[in-house]
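J.: Mind docking chain B on chain A? Use the hints.
Taken in order, these protein sequences are the chains called A and B. In this text, residue positions in the first sequence follow numbering that gives the first Met the number 0: the first is 0, and each later residue adds one. In this text, residue positions in the second sequence follow numbering that gives the first Met the number 0: the first is 0, and each later residue adds one.
Calculated directly from the structure, the hints in this document are not laboratory data. There are no misleading hints in this set.
Rough simulated footprint, nothing fancy, chain A against chain B, three-plus residues with beta-carbon under 8 Å:
#1 209 to 218
#2 239 to 248
#3 255 to 261
No farther apart than 16 Å at their CA atoms in a straight line, the calculated lysine to aspartate or glutamate pairs in the EDC-like style are these:
#4 A:Lys117 / A:Glu133
#5 B:Lys176 / B:Glu143
#6 B:Lys196 / A:Glu265
#7 B:Lys196 / B:Glu144
#8 A:Lys117 / A:Glu151
#9 A:Lys117 / A:Glu140
#10 B:Lys196 / A:Glu48
#11 A:Lys235 / B:Asp190
#12 B:Lys196 / B:Glu184
C-beta atoms are modelled at their ideal positions from N, C-alpha and C, and glycine is treated no differently.
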Amino acid sequence: MTSTSTGPLGDVVLELNEVTIHDDLADNELVHGVSFTLRRGGVVGIVGESGSGKSLTCRAVLGLLPQHIEVSGGTIELLGHNAAALTPKQWTGLRGTSISAVFQDPASYLNPSIRVGKQVQEVLRVKKGQSRAEARRGTLELFEAVHLRDPEAVYRQYPHELSGGMLQRVLIASAIALEPDVLIADEATTALDVTVQAEILDLLASLRARTGLALIVVSHDLAVVAQLCDEVLVMKDGAVLEQGATRDILYAPQHEYSRLLIAEHEQYGLERYLDSPAALPELREEELDYA
Amino acid sequence: MPEITETGERAPALAVAGLNVDFGRGRSRKRVIDEVSFEIAPGEAVGVIGETGSGKSTIARSVLGLVRPAAGSSVRVAGREVTGLSARELRAHRRTGLVQYVFQDPQRSLDQDLTVGHSVAEPLLLQGVLGRAEIRDAVRREFEEVQLDPALAGRFPAELSGGQRQRVAIARALITKPRLLILDEPVSALDSANRVKILELLARLRSSQVALLFISHDLGSVAGVTERTLVLYRGQLVESGATAQIVNAPEHPYTRLLVGSAPTLSAGSIDRVRRNELRDELHPAG
Chain A
0 MTSTSTGPLG
10 DVVLELNEVT
20 IHDDLADNEL
30 VHGVSFTLRR
40 GGVVGIVGES
50 GSGKSLTCRA
60 VLGLLPQHIE
70 VSGGTIELLG
80 HNAAALTPKQ
90 WTGLRGTSIS
100 AVFQDPASYL
110 NPSIRVGKQV
120 QEVLRVKKGQ
130 SRAEARRGTL
140 ELFEAVHLRD
150 PEAVYRQYPH
160 ELSGGMLQRV
170 LIASAIALEP
180 DVLIADEATT
190 ALDVTVQAEI
200 LDLLASLRAR
210 TGLALIVVSH
220 DLAVVAQLCD
230 EVLVMKDGAV
240 LEQGATRDIL
250 YAPQHEYSRL
260 LIAEHEQYGL
270 ERYLDSPAAL
280 PELREEELDY
290 A
Chain B
0 MPEITETGER
10 APALAVAGLN
20 VDFGRGRSRK
30 RVIDEVSFEI
40 APGEAVGVIG
50 ETGSGKSTIA
60 RSVLGLVRPA
70 AGSSVRVAGR
80 EVTGLSAREL
90 RAHRRTGLVQ
100 YVFQDPQRSL
110 DQDLTVGHSV
120 AEPLLLQGVL
130 GRAEIRDAVR
140 REFEEVQLDP
150 ALAGRFPAEL
160 SGGQRQRVAI
170 ARALITKPRL
180 LILDEPVSAL
190 DSANRVKILE
200 LLARLRSSQV
210 ALLFISHDLG
220 SVAGVTERTL
230 VLYRGQLVES
240 GATAQIVNAP
250 EHPYTRLLVG
260 SAPTLSAGSI
270 DRVRRNELRD
280 ELHPAG
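Chain B extracted, bound-state conformation:
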């Protein structure tokens, strides 16, 4: 086996192979992720689309080492295998900041008792490599990168708007220069104006070296930012391809329903009657 030495710039940002995840034990055991495999190249932006319960967040949690995949699964972040790591190794792995994440609700993912400047600095403070002045400079740079006024650094999360808080969460994720950034429904809780701004920011990140794994139930919100899309349905990858192809020529009935359900300004690609047919195809009468 080519061992973990290929952590260089050329290793995929993420390589998932034969990922299986089971919840529960004994008779109530249920497979929630079933033989999922995919790769994300350095700097590539990939969307994972699926409905509630499809397992999309479980994939993210597997990458972060927050759930334990079944034996034989492989998850490599920048060439490094993360399944089977001990708790201590996982903590060390997270501290490297190679993989970072942003969740839907920045209100909950930011510590309410820390100023947002402190929150953004925290990953670097934990690493303990840089000195105070360097960290302060890095925080300022990240605030500028996400178009937040550095003067807000002294505020607490509750004093910021939802859009500003999400920028803080992204700044905090970017400060360790991750190879992979996982975004789990990052714009779902925001209103239109803020959603556009966050999507613009994410689109801009594509020119940098960070790869994006963009998870959402809404194809519409990831379509503008991703090059490639994976469709997850009941724990299985049912379709994957260039985002434009998924949108224009979806094949699996679920993908067709998904595209046909996304609210668009135009009539959309299919109508109500067709949607009903697809629903029947997916859930045979019963």
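One chain only, chain A, in its complex shape:
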């Protein structure tokens, strides 16, 4: 891929080059070389089962690897910063403002005894230095942006009063509060009903189209990733088995494991009944109005 390519996608926001991750305690390499380039408004998907290294890769990108696990080789470049050279303080500055993430179980990321509006508002007050009133207004706008019905009511509610899909919207609102360049969605829709999953995926697609947010979508389900991503990495046991344009992987999978992921849908999914996949969703140019 040449850097002069002119497409609908913008500048490079994140670049991984042969990243390896090592467990120093067990003296064991957990991730054996991951490379990809994420551009403004782009979406990269990572598919794999538990233990494939997909979440560790995300945590490395967020600068949040557990103790005694570290990036042992390769480079991560986030908005021109070499991640290896960042101090913990610089990381804290970048998280939220440049890169943020949502995970599988939204309820566990919220304090159950504080109203959700207050928890999101706090992000704006602490990180942006806004006044109470400003932050409240900002939070309501964010709730609107993530299509929460009746933002005022949600603002006053406690986490246990909201459904899983609503909680995930609150978490996404919080994650995009500081207008990051990159959002990681790590199994963000796995625990949700399929209809709610589609709502969240639709929301991510519209945020991307509207604001140029770049996404890393991580899932065990190839179909979830295929809905959103231009490029897919298939991981297993810490290795990237296959990587390329979503279309190529779906129609000409090279690796047996990718074929298994596809077979799951073809034999037991709706594909069995639907007409053969004639066309993948084309990126609609008119949606890319942030360029």
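T.: Relative to chain A, chain B alone:
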């Protein structure tokens, strides 16, 4: 009334008629299952699809006698009425093993302190009909049926993978030769490779005499295994038909949204704009 004598092979594996279930009492009483009726023929595989809170698990629990339906409801398993049974009659009914069930999380449905071989044998031990040697043979047969190495019988659940544990749960359910097997989200907790294998196993069961009631929020996971699908929305059956028809020509807005939301490798049958329209149709602004 044609009484319970028609327990023969020809009686429906499950006949639910006018099922109503209420939760709570007095003013806070809420109807969670509203006039649900359907039948499952011997050996037939039927899916029940619905979102969280739609009442799909409550139907399963009614069949197992774990919730008490409202008066006038009828639930017959292999011709036998199970509503209105006393606690003692219910225990006896469960012991017959005519109906068995498999839940989402085998970690929790298997006794952690028993070897998995013992867990699989337990329904037969409770029946107390077969001798030890016969039970041992039956356990071995069921392990083979679900493609588990019989050598694993001495292990504990914690020593097995999620996929293996789910096979154990299925073996345990099959060992009494049930007429009806209820599967409540049996593959939702598994990763792709294991999901395919469990679905293959369930598809293979279709050639046997056991009828399947396959409950899930995900039409995609039941479509490959079931002949017929029932769609449950807010406690009511809103649509039913051949699975192929439900997938290709869904009628109710909820079913259309469900089909349009299922992650598929292709673009899917509807796009984001259409999905939003259906959502508005289901939940008018407010």
